[in-house]
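K.L.:
Whenever a hint applies, use it, and build me the whole structure from the sequences.
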Amino acid sequence: METEKIDLLKTYLSLYINHTVVLADLDKEDSKYVVLDVRNAPAQIKKDQIKGAFAIPAKDLKNHIKEFDKEKIYVVYDWTAGTTLGKEALLILLSEGFKAYELACALEGWKGMNLPIEEIQ
Amino acid sequence: METEKIDLLKTYLSLYINHTVVLADLDKEDSKYVVLDVRNAPAQIKKDQIKGAFAIPAKDLKNHIKEFDKEKIYVVYDWTAGTTLGKEALLILLSEGFKAYELACALEGWKGMNLPIEEIQ
Amino acid sequence: METEKIDLLKTYLSLYINHTVVLADLDKEDSKYVVLDVRNAPAQIKKDQIKGAFAIPAKDLKNHIKEFDKEKIYVVYDWTAGTTLGKEALLILLSEGFKAYELACALEGWKGMNLPIEEIQ
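Protein chains in written order, with our numbering: chain E, 1 to 121; chain Y, 1 to 121; chain V, 1 to 121.
No lab work stands behind these hints, which were simulated from the structure alone.
One or more hints might be untrue.
Pairs count within a copy or across copies, as identical chains cannot be separated in the list.
[Said to hold, decoys possible] Taking lysine-lysine pairs in the DSS-like style, the calculated list, with each CA pair at most 27 Å apart, reads:
1. Lys32 with Lys72
2. Lys10 with Lys51
3. Lys28 with Lys10
4. Lys5 with Lys70
5. Lys5 with Lys62
6. Lys66 with Lys5
7. Lys10 with Lys99
8. Lys10 with Lys66
9. Lys47 with Lys70
10. Lys5 with Lys47
11. Lys10 with Lys47
12. Lys59 with Lys28
13. Lys111 with Lys66
14. Lys66 with Lys51
15. Lys72 with Lys5
16. Lys5 with Lys32
17. Lys5 with Lys59
18. Lys10 with Lys72
19. Lys70 with Lys10
P.N.:
See the structure below:
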């Protein structure tokens with residue numbers, strides 16, 4: 001049972017990327033990370049997002065998959081880390097052969113740490 | 001590793017059902033979905049619940065399993081989607097041969113989208 | 001698919017321990033449980049913690065692993081149950097051969113049930 005636990009934890013944690021990795025690279029000219037806000041909510045509900053993120057609702061991701069770049073690493077996030085939306089987006093991206101992770105802290109944690117956000121018009 | 005990630009995501013996501021599926025069917029006369037509020041809290045803590053849900057604490061589920069109907073699809077929910085209570089209930093239901101899912105948005109998301117709730121007496 | 005779901009739920013749930021088990025034992029003279037607060041935040045952000053917990057940020061856990069006791073059962077917690085930090089700590093402890101679980105309710109649930117906490121200086 002301990003081996004199964006360890007295997008599950010390893011695979012589960014490998015789905016996530018830490019905010020520090022993303023933050024450090026986002027300051028670079030040609031960042032390899034692209035942050036995707038995959039919340040299915042309209043702008044007036046979302047109100048703000050992680051600075052520099054692209055809003056692409058999880059439900060629309062498949063229709064836009066041809067616009068994505070295999071050289072980039074996609075980082076998806078939802079309101080919180082325990083929800084399913086980020087994982088739905090992640091499954092689409094990984095299945096299509098893209099490098100992708102879910103942001104471990106999600107939007108909730110990002111805001112809790114006072115990391116840069118921007119208003120949505 | 002990518003295959004393991006994809007397999008985990010597929011199985012994990014297959015545990016959940018989207019609120020839209022449940023909502024669309026709940027309006028029907030003879031809905032095939034039965035929503036179960038499996039929170040272990042007393043009514044004065046819970047205060048309200050998803051409209052039409054049946055309150056059956058996860059800890060009492062096993063004792064009432066004979067009252068369940070194999071023709072129905074059970075949808076369990078807890079306060080939030082990342083907790084373990086919904087999954088404990090789900091494990092009992094699936095192990096007993098019932099069709100069952102966890103509500104992807106949980107109560108938190110359901111309320112956040114202003115979907116129908118009702119007070120608990 | 002049902003078997004895969006049940007297997008995943010079983011392994012996933014086996015990572016967690018219920019607060020009632022921990023609470024009952026914490027009152028004993030020589031408790032076998034040691035509660036670890038693995039949040040990476042400074043004291044002024046954390047403000048309080050579960051009563052009797054030891055603060056050891058997940059990022060520092062590996063460096064202190066030699067101070068741990070194989071006779072004890074470690075119970076780690078983060079802000080909420082759906083985050084990754086508790087699982088990072090758990091992976092380290094299990095990989096090093098310790099008995100360890102994540103607290104199912106996390107700090108959020110513990111406080112929600114008005115269980116004993118203490119201020120952090």
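K.L.:
Within, between, both or neither: how does the pair Lys72, Lys5 come out at a Cα-Cα threshold of 27 Å?
P.N.:
Between copies only: 19 Å across, 31 Å inside.
K.L.:
Cα distance capped at 27 Å. Does Lys111 pair with Lys66 within a copy, between copies, both, or neither?
P.N.:
neither (31 Å within a copy, 35 Å between copies)
K.L.:
Within a copy, between copies, both or neither: which one fits Lys10 and Lys47 at a CA-CA cutoff of 27 Å?
P.N.:
Neither way: Lys10 and Lys47 sit 34 Å apart in one copy and 31 Å across, limit 27 Å.
K.L.:
What label fits Lys70 with Lys10 when the C-alpha limit is 27 Å: within, between, both, or neither?
P.N.:
Classified as both; 25 Å inside a copy, 22 Å across copies.
K.L.:
Is it within, between, both or neither when you check Lys10 against Lys72 at 27 Å Cα-Cα?
P.N.:
For Lys10 and Lys72, both the intra-copy (23 Å) and inter-copy (23 Å) Cα distances are at most 27 Å.
K.L.:
Up to 27 Å between alpha-carbons, please classify Lys47 paired with Lys70: within, between, both or neither.
P.N.:
neither (30 Å within a copy, 43 Å between copies)
K.L.:
Checking Lys10 and Lys99: alpha-carbon separation at most 27 Å within a copy, between copies, both or neither?
P.N.:
both (17 Å within a copy, 17 Å between copies)
K.L.:
Using 27 Å as the alpha-carbon threshold, which applies to Lys59 and Lys28: within, between, both, or neither?
P.N.:
between (30 Å within a copy, 25 Å between copies)
K.L.:
When no copy is specified for Lys5 and Lys32, does a C-alpha distance of 27 Å or less occur within a copy, between copies, both, or neither?
P.N.:
Answer is between: at 21 Å across copies they meet the 27 Å cutoff, but 32 Å inside does not.
K.L.:
When Cα atoms must be at most 27 Å apart, do Lys66 and Lys51 count as within-copy, between-copy, both, or neither?
P.N.:
Classified as within: same-chain Cα gap 24 Å, cross-chain 41 Å, threshold 27 Å.
K.L.:
Please sort Lys28 with Lys10 into within, between, both or neither, judging by C-alpha distance up to 27 Å.
P.N.:
Neither: 30 Å inside a chain and 34 Å across chains, both beyond 27 Å.
K.L.:
How do Lys66 and Lys5 come out at 27 Å by Cα distance, when the copy is not named: within, between, both, or neither?
P.N.:
Result: close only across copies, 22 Å inter versus 37 Å intra.
Checked against the numbered hints above, the structure violates hints 2, 3, 9, 10, 11 and 13; every other hint is satisfied.
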